[in-house]
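When you get a sec, could you build the whole thing from the sequences and use the hints?
Residue numbers (the numbering used here), protein chains in the order written: chain H, 1 to 171; chain R, 1001 to 1171.
Treat the hints as calculated values from the structure; they're not laboratory data. Among the clues, some could well be false.
What the hints assert, rightly or not - Cβ-Cβ distance ranges computed for the label pairs, FRET-style:
id	chain 1	residue 1	chain 2	residue 2	range
1	H	G165	R	Y1171	47 to 57 Å
2	R	N1056	H	G117	39 to 49 Å
3	H	F95	R	N1068	41 to 51 Å
Glycine residues also receive a C-beta, built at the ideal position from the N, C-alpha and C atoms.
There are 2 protein chains.
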Amino acid sequence: MNKLKVTVLRLGHRFERDKRISTHIALVGRAFGAQELVLDSRDSRVKEGIDEVNENWGGGFRVRFIENWKSFVGGFDGTKIHLTMYGININDVKFPLGRENVLVIVGGKKVPPQIYGMVDYNIAVGNQPHSEVAALAVFLDRFFEGKELDREFEGKQRVIPQRRGKKVVRY
Amino acid sequence: MNKLKVTVLRLGHRFERDKRISTHIALVGRAFGAQELVLDSRDSRVKEGIDEVNENWGGGFRVRFIENWKSFVGGFDGTKIHLTMYGININDVKFPLGRENVLVIVGGKKVPPQIYGMVDYNIAVGNQPHSEVAALAVFLDRFFEGKELDREFEGKQRVIPQRRGKKVVRY
Chain H
1 MNKLKVTVLR LGHRFERDKR ISTHIALVGR AFGAQELVLD SRDSRVKEGI DEVNENWGGG
61 FRVRFIENWK SFVGGFDGTK IHLTMYGINI NDVKFPLGRE NVLVIVGGKK VPPQIYGMVD
121 YNIAVGNQPH SEVAALAVFL DRFFEGKELD REFEGKQRVI PQRRGKKVVR Y
Chain R
1001 MNKLKVTVLR LGHRFERDKR ISTHIALVGR AFGAQELVLD SRDSRVKEGI DEVNENWGGG
1061 FRVRFIENWK SFVGGFDGTK IHLTMYGINI NDVKFPLGRE NVLVIVGGKK VPPQIYGMVD
1121 YNIAVGNQPH SEVAALAVFL DRFFEGKELD REFEGKQRVI PQRRGKKVVR Y
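Listed below in structure tokens is the structure:
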């Protein structure tokens, strides 16, 4: 898992509507083993939210902004995966898919049609409509074979898993 | 999978803020093999959204509202699972967990502390903060061993999975 670098690109972020959904995407990226989230529009609220989580819970997950998704995707050096309900069902996909740099693209309801032809794989986390947050999480969970959830983060605080109740240790 | 009935309870839905997140939760429940979503406050927008998805894409996923989560959870006849980042890491949980009626509880940032003691399992989809939408999806994907994503829905339209582009058949 260490050699792999996973970048998540979230397309179509709308400043007025998508702060929470994009923040969930960023948090999922961080918790499920990706290294960074790239947004195609500037929304520093998403970045600030993640920076705060990093500070408290550890890790160096990064949020950054680009202006032109087309040149970003076109120029990406690695395996490009687009998550879409129209793609091949993830149950029919043979893992592992990529070895070093991996780009995982999630969109909203409408993505630019060109994207389908610009990637190596169009993968459906099921062929039913649901959620880009869920699609990203399940994809990364399958991609890393669950090991991403055992990863340790070094932050100011840490959960000690409990059968009942909450236990958080602060350093 | 057919004998199992999975109900999702979403606690702490706030009318002003949570329509989209709760709608994502409902869509994930539907796409990942649950039968219904129960909300602890009335928000017919969530129900309307899902009814429309059912009509187009099939299935009988139901959204309903309750007034008292405590009596609902207390009276639930089956296996009760609370998804929380403070629980036992899902990687350390032995599946299968429940055989017939299963209740999966997801909350937001703050859940009533009593809930931890009212359930059979407090399970963490990783012990890092992320998203109740993601937690539900990954939990159900593990619970159903991925088979939920092969399920067929009979609706007015259906995706024919493609390597490139979109193909939807309408009936």
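Right, here's what the structure says about each hint:
Roughly 50 Å separates the CB atoms of G165(H) and Y1171(R), a value that falls within the hinted 47 to 57 Å. Between N1056(R) and G117(H) the Cβ separation comes to about 26 Å, which falls outside the hinted range of 39 to 49 Å. A hinted range of 41 to 51 Å for the beta carbons of F95(H) and N1068(R) is consistent with their spacing of about 44 Å.
In the structure shown, a violation is registered for the earlier hint numbered 2 alone.
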